[in-house]
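**Student:** Below are the chains, spelled out letter by letter.
2 protein chains.
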Amino acid sequence: MYRTHTCGELRSAHQNKQVTLAGWVQTVRKFGSITFVDLRDRYGITQLLFEESLNAQLDASPLGREFVLQATGKVNERTNKNPNIPTGDIELIVSEFRILNKSAVPPFTIQDDTDGGDDLRMKYRYLDLRRNAVKKNLELRYAVGRSTRNYLHENNFMDIETPFLIKSTPEGARDFVVPSRMNPGQFYALPQSPQTFKQLLMVSGYDRYYQIVKCFRDEDLRADRQPEFTQIDCEMCFVEQEDILNMFEGLVKRIFKDVKGIDYTETVERMTWEEAMWQYGNDKPDIRFGMKLCNLKFPAHTFPSKENISSLIAGEFAVFNDAETVIAIAIPGCSEYSRKQTDELTEWVKRPQIGMKGLVFIKCNADGTFKSSVDKFYSEEKLKAIAEATGAQAGDLVLILAGAEERTRKASSELRLEMAQRLGMRRPDEFKLLWVLDFPLFEYDEEGNRWVARHHPFTSPKPSQIETMINNSPVIENAAEYLKHPYAGIKANAYDMVLNGNEIGGGSIRIFQRELQEKMFAALGMDKEEQQHKFGFLLGAFEYGAPPHGGIAFGFDRLCSILGGSESIRDFIAFPKNNAGRDVMLDAPASIDAKQFDELQIRLDLKN
Amino acid sequence: MYRTHTCGELRSAHQNKQVTLAGWVQTVRKFGSITFVDLRDRYGITQLLFEESLNAQLDASPLGREFVLQATGKVNERTNKNPNIPTGDIELIVSEFRILNKSAVPPFTIQDDTDGGDDLRMKYRYLDLRRNAVKKNLELRYAVGRSTRNYLHENNFMDIETPFLIKSTPEGARDFVVPSRMNPGQFYALPQSPQTFKQLLMVSGYDRYYQIVKCFRDEDLRADRQPEFTQIDCEMCFVEQEDILNMFEGLVKRIFKDVKGIDYTETVERMTWEEAMWQYGNDKPDIRFGMKLCNLKFPAHTFPSKENISSLIAGEFAVFNDAETVIAIAIPGCSEYSRKQTDELTEWVKRPQIGMKGLVFIKCNADGTFKSSVDKFYSEEKLKAIAEATGAQAGDLVLILAGAEERTRKASSELRLEMAQRLGMRRPDEFKLLWVLDFPLFEYDEEGNRWVARHHPFTSPKPSQIETMINNSPVIENAAEYLKHPYAGIKANAYDMVLNGNEIGGGSIRIFQRELQEKMFAALGMDKEEQQHKFGFLLGAFEYGAPPHGGIAFGFDRLCSILGGSESIRDFIAFPKNNAGRDVMLDAPASIDAKQFDELQIRLDLKN
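So the sequence lines, in the order shown, correspond to chains A and B.
All letters in the first sequence, in the order written, are residues 4 to 611 by my numbering.
All letters in the second sequence, in the order written, are residues 4 to 611 by my numbering.
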């Protein structure tokens, strides 16, 4: 070893001990004839003191930032202690040192507040990884992984590796494919998830499976998507939905405890998908704060339900009259917003990303009066009644959006989150879990006038609705009335876990009967031949004693980023790709050799 | 949950308890009016007893092999206990049962000695995985993984994920490549190992890294090779070879302890590559037994060294006189081999796989006499002297091979292993570790008259030989005398761990200086431009304070198979591929859609 101790290890108790450290030069400070060096490694920073006697050697081989240094000497208790670092009580009085490697001046500073831009830091990722901020993220990631493995091990789960070179069965997202040299003209695909394999493992009786595993999706990358990402992938036999919910809220609570020191003792809230959509406008609500949506046109679905609301807004205001949906949100403590502020909010909802035509507000003044942008259409009593219906208190500001159903709901959800952000209600150190349940099994695809699986084709309908599915044809005779088709009402035995407004995991109880699985494939437009080609192995497996089973997969990158209080998953991946799917450090992807094309028996067919 | 207990859990202490089990029907046995069913799950087998009252229901829905069954009833202590299984003291007297799923008759029996052939079992891998023999292998694999993670965690290693979509830099083995849709004409490669990434993590100061990670090599598959395989991949900072050897023999000993219950307290033997080649004829000797090679032409290298041997064989026997190499092995206790047996051995060495012209033997009879196939060339005294030189005892059989150096050495190694196998010396339950050290850094490539890296281009020469490497040109002026080139004698700071004659791990201390790395690349025939294109990021990283570092990678599949006492890694992989790289269960690889070709902007270019 080049060292006897790490740079985070020495304390007063080591006083007078002869030790050797090795690490990176963080700073060099010269005071008259003596030199202080902060030496850094993964474990910490230790101050080195070079006395005058070493000056000749220091002059001959001067130290610079990020040099790799080995130093031997005696541990000395400092008179001038630094309480901010664990090694702050001591320093090393160097008797000998050796430069193990030099360093050019880094293109950016290796500090929490670095001066490096995003592109530069990605190109020199190996330097960016030295920064404490990034290191802390990867340490957290490791801790989350370890906590996960321990919990699952204690609960009898087995880590079983599934293959990476599989078969392309594009359903939804695109597969990455891999040409096979040994089977010319044929391709492997990289797995979008180990879904079918984990189900086969259940058929094989492995009872409880898990894997922390890379998955691949060739999607157009939005901000914060990666073509390769990591899942905590789990599956259990002989379980019902309730068993899965209990097991995996246990997992997340354990991670909170192990990684963040948080005792999450509260019951994890549960909400149906319908409730989430009506009350929060989206299927992964952030429930760290209230500000639920009050639907003024469909009062039966609002919370608390106010049957009389819709009559309240009925009046002369054409915008509300004509709108498919009118949604109000009571924003606490904002009644004194200035004209400038409400104008700015109006502009905010009119941005193309939000796409509303305008914003109506009611100020619930502290003195009990009400003031609104639609004063001329509604009396103060009516304004008061509307405001009260939304649950607003004196001092609150009621914001109202009106328009087409889906857009208005989405905009309301965005507005709610934006206001919470502005009001400091989205605290990264507060964690609130939620199960969203009872998703629709199918979504309607207008273009093809057909059903698509909302979760995936292996998700079971609610047990009570299996008959409905088996006994009805999936064909949609009348596109305009697709909502009346029996399939439109079928709910899935599926569940998402939501943390602070982010879906961190999702899963379902699976279909385990061949007949039902075939019906599902048929409902999605797959004929027998296609079913056999793509999923013959799974249908076959279901013939040989498939047990009831279900599972869940957590987005590991996302889970880590939320626990780390960050918006970006990239900060929690050692070597991430940029939004064009490129690794700018490696400069990949790249061209390949003619010999490789030749061996693979493929060639380029570039559009231009 | 469909069950209150597992099928491996119930004991006498559960007597009279009402329980529900779920699992697979292993056997159904009818005795008069009662029926016994063995119900199986991952955890064990429990006997179910169906009394006469259930006969009507059993007749209406008869049970078959591999049916999925849920049964509720009372635990009963058996009068007729089965001591062979942990649940053998009890049975479940069934009061209610439900068939959760039926099963077709499996294409082979789900038993340790199955009647299924290899192809059938691979096609129905999900059924093969139900067999206890296969399950035990995957459980062992999981235990090895868990033991590894625990040991490395306790030693401050961090699991850090490295990317799968990287850049193709073919060196040695072929890369699998992945066309990038978002970057048309460009390809990712799947990693052959995370080598450069783990080195970058050391440059980044992560100090101790590990990963249990899939790697990919597009090689022509020999028996028991897989295109995707798993490595335990490790790297450490500020270490010398000795530190790595200590740390990782510690890992393997820990695995022995955790997984096999074996206290491997012996010192792990060490041997140089030269010693291995001279004394065992190969670089991964099985040292569970002796029978070292005695080189009769280069006695200085034999063990024990017998300076006078070469004069012993000098004589009238032209075969020995003309041979480049003559190697003898003393086979214990085989002096009474019949003519038939020695003839058969002669045929064995003449097989094309071995390729020798013949076999000479000396029988060291129990009565002290010597009898040989070359009696007419050597006196009994000479035979005795030769036999003694090989270390043979009375009762042993000395086998002698002669021929060209490399072939004879290889054949001797094969013969040694074959004789050990025949004599039962290769016991799967005996484990013997060995470090092989001091490999040559370079191998000579005759075709290109150039050097290739024996390990990989990142391996450091011995510290004392760095100067030799830096100060000499790699150019080989005189191909015939390449052995005289200074590079031929450079040894690598590399090490292999050998277990029972299998290389289970290998690694090296790495180059960490840009100048030396460039010299290495140049020695392998890479010009500056190619170096920059392929490894510019690594050369760049070495400019910013790269620390001394080194590491190792273990072949996880192989390690598991040896610990499991098997020759085949396939038995330890949940979903392996066959020798043509095919997954016969999935029927992958397979053709892809025209749309996929179109999006990827590639097309086939089949040779015929």
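Because the hints were derived from the structure by calculation, they are not lab data.
Quick caveat, the model's predicted, so the values are computed rather than measured.
Treat the hints with care, as some may be off.
Which copy? The list can't say, so a pair holds if one copy fits it or any two copies do.
[As the list claims (entries may be wrong)] No farther apart than 27 Å at their CA atoms in a straight line, the calculated lysine-lysine pairs in the DSS-like style are these:
#: 1; residue 1: K598; residue 2: K610
#: 2; residue 1: K435; residue 2: K139
#: 3; residue 1: K33; residue 2: K343
**Student:** Does each hint fit the structure? Answer for all of them.
**Tutor:** Now for the hints, and whether the structure bears them out:
no. : hint        : verdict
1   : K598 x K610 : both (22 Å within a copy, 14 Å between copies)
2   : K435 x K139 : within (23 Å within a copy, 41 Å between copies)
3   : K33 x K343  : neither (54 Å within a copy, 86 Å between copies)
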